[in-house]
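On the provided structure of chain A, position chain B as indicated by the hints.
Those sequence lines, one after another, are chains A and B.
All letters in the first sequence, in the order written, are residues 3 to 466 by my numbering.
All letters in the second sequence, in the order written, are residues 3 to 466 by my numbering.
Nothing false has been slipped in among the hints.
Heads up, the list lumps identical chains together, so a pair's fine if it works in one copy or across two of them.
Restricting the straight-line Cα-Cα distance to at most 27 Å, the calculated cross-link-like pairs of lysine-lysine (DSS-like) are:
(1) Lys213 <-> Lys100
(2) Lys213 <-> Lys345
(3) Lys9 <-> Lys81
(4) Lys273 <-> Lys213
(5) Lys81 <-> Lys454
Because the hints were derived from the structure by calculation, they are not lab data.
So you can see what is in the structure, the chains are spelled out below.
2 protein chains.
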Amino acid sequence: MSDSVMKRLEADREGILARLYAFVRHPSVGADPAYADGMRGAQDFLLGRLQAIGLGNVQCLDAGGQPAIYGEWLDAPDKPTFLIYGHYDVQPPDPSEKWVTPPFEPTIRNDRIYARGISDDKAPSLIALETLGAFLREEGRLPVNVKVMLEGEEETGSATLGALCRRYADLLAADAVISADGARWRADLPTVIVASRGNAGFEFTVTTACKDLHSGRYGGAVPNALHVIAELIASFRTPEGGIAVEGFFDGVEPLLDHERSALTHIPFDEKQFYLQLQTAPSGEQRYTTLERLWLRPTLEVNGLWGGYTGAGSKTVIPNEAHAKITMRLVPGQDPERVVEVVKTHLLRNSPDGATIAFGETRGGSRAYLLPTDHPLLAAAEQALTETLGTAPIQVRMGATLPMTDIMARELGIQTVMFSFATSDEDYHAPNEFFRLSSLEEGLTAWVKLLRKVGEQSPTDYRQQ
Amino acid sequence: MSDSVMKRLEADREGILARLYAFVRHPSVGADPAYADGMRGAQDFLLGRLQAIGLGNVQCLDAGGQPAIYGEWLDAPDKPTFLIYGHYDVQPPDPSEKWVTPPFEPTIRNDRIYARGISDDKAPSLIALETLGAFLREEGRLPVNVKVMLEGEEETGSATLGALCRRYADLLAADAVISADGARWRADLPTVIVASRGNAGFEFTVTTACKDLHSGRYGGAVPNALHVIAELIASFRTPEGGIAVEGFFDGVEPLLDHERSALTHIPFDEKQFYLQLQTAPSGEQRYTTLERLWLRPTLEVNGLWGGYTGAGSKTVIPNEAHAKITMRLVPGQDPERVVEVVKTHLLRNSPDGATIAFGETRGGSRAYLLPTDHPLLAAAEQALTETLGTAPIQVRMGATLPMTDIMARELGIQTVMFSFATSDEDYHAPNEFFRLSSLEEGLTAWVKLLRKVGEQSPTDYRQQ
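If we strip away everything but chain A, and leave its shape as in the complex, we get:
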């Protein structure tokens, strides 16, 4: 390894780990106001880091929600400009009691660091910052112009990212986005992601009476909010595992033969996949598992609650029940329209005596598809090939990065995902972790990527 920037990064492993730990110890759960201090702590940490590594114009970008943290280095006038994206907000740690070690106290076991947010997206984001810092300290400059933006609302659906892009459109103008978010598909297979599903979601409440009622005194005569909500959720699915909501598939094109065929060439051990998860296939039976994961939309209940949930029993007919729903969308689906058809389905299927109230709509991103001839994709594939010793396979992703859709719509630029998280790292579940080996791979690949794009010209991008 003759690259001096890489050598500097190699020599600074302890410092990098210490900074990563400090970042992760801020419990920056954006979904829950109880964690407001953690959000502020992570923001302050990043403002300090961006200044320390030598970026300028460091500031909070505010569009009414959690601010994004911004910094820039723009002293390469004949080079392309990249918006480097990451996020500092994390998923809630619930269920907290299932963590082996405390969620906000990073702990190494078996060459993995365990902590909430370590994989999604604090380690991948910090890898980008550390690489920029090493370049600036070692060489006094970067190979390209860089604008760093670290979002604070990724885990809550990027509610104000669109407004933020509009408000700061000039500040954020760039040739393409390099995203430190968007985890790699598998630990055993080098891949690069060229598409992702969109999303949308909302919460609803079923009310069946003016109050909870005694199950003996009223049982048999009145509706039970828990039965009503269960029947509504059951009505979302066909007996064959498909989605039964009228209008849900409007705009979705039938899968093309070449799309289906491409998936059959991807190494994927379906049996092992289900064995590891200790479950069995579910969903639309006429599609393969990879088709269901990448090319078909979903409708999932993420939370469901009502009635007595404490110790022992309480013989009550609950009058209220609640559910949180999210959907994953494919090209052709409009998030707002999908939310509307699901709400209409709920209202239509609600029985006499029950009323439905809808909470705020969350998310709302279209699916994303990267043009396969994009120059940043080519540079990323080369950097990964050199880092990992083998060429990555182009794959799709079932998850959503709302920013891909927002950046394309608001700033007119494409995103390449260059995260070093891996999708098995339990990042929306207890015991989230990040592989120490991915830290090595990430730092190496980021150095290589910045050098590759440093050989490109802005005109390569303006032809896009």
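Coordinates of chain B only, in the frame set by chain A:
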């Protein structure tokens, strides 16, 4: 009012209210170990009261669960002996935030006392004790022999009451039970209850994978525990509102013409019933509301939870979901068998990739039907007629008093419900209350009842 015992009770209203408040302030929630101090407080209060009013042999009866509190007065050798039943445990106060005033701080508004447990069953139980106390102080004796037993497990299904009756069979031997529990049907219609439904219940957990999974990375390919539990709950019901569980109705006789006809003579404003509850009819459409409430069994989910239930959203496919179930049973149904057929239904309808685990079975009482020629029923009807100025109508009750079934099986004696609670008093919901007017009625009616049964002979009962 020439009855000197009544006069004494009348003069002591403030003392009675003060003792009722002291009783209610003990948060005796038996379902939740967090309230252990409240249970002990209520037990100590009752031990003190039974001694203070002049009962002997005061003690805790223990069969491994929450103890029952016992006291006796047996100095009327030629008179019948009655077991006076009540209970001191109460429902959990959840959802606590819906209480207008704190659940364990009794508060009078609009001639009603609001507090958890005031109606079920602390005021009705205390009315019985105060009446006994007034007789003993005023006349130095009671009109009949009395054994008082106040249970501590009524709200949790009377799990050890059967064992307790077996262990203390000699101590508890009596001619009949007068129950201070078993609320009156309506505030506007004098009634006496001659039947009640049985009950049974259990909790179950659905598991669909080894851990929570990300809804983007896995959505479409794997089962979701919340969808599985929703579909299982939906499968309990037929499209017509009946119960679809195979074997559930085994042993249930078709309704007899005279049973159906009797119900049509009971004044019941169905429209007003649903209007007040702000809901609509639900359940088996080929039965009337009263038939569904009194003569048909039910299956209700009392609690349902899983996934993310905090603020905001979490895009998770939950791997675990939980439900609490109770059933109300009619004559012919065996509680153990009904629990088994519902469990079998769940196992049969569980999809691939899901497993079901069952928690402890709770409750388990058969339905109860009082012989209409019972001498205690006649005495109760007379006492109520004199107190209220109009003869009570015989009605059934949809709720369960496990003790009615347990006393019949273990001690071989029948129970007459002589509670002065009313079924609209929200006793399993927030803002439980008890009417101050019911305190008057109850004290008067208990004096009259004790004088009536004092005119009866033990042989009246032994012919039963």
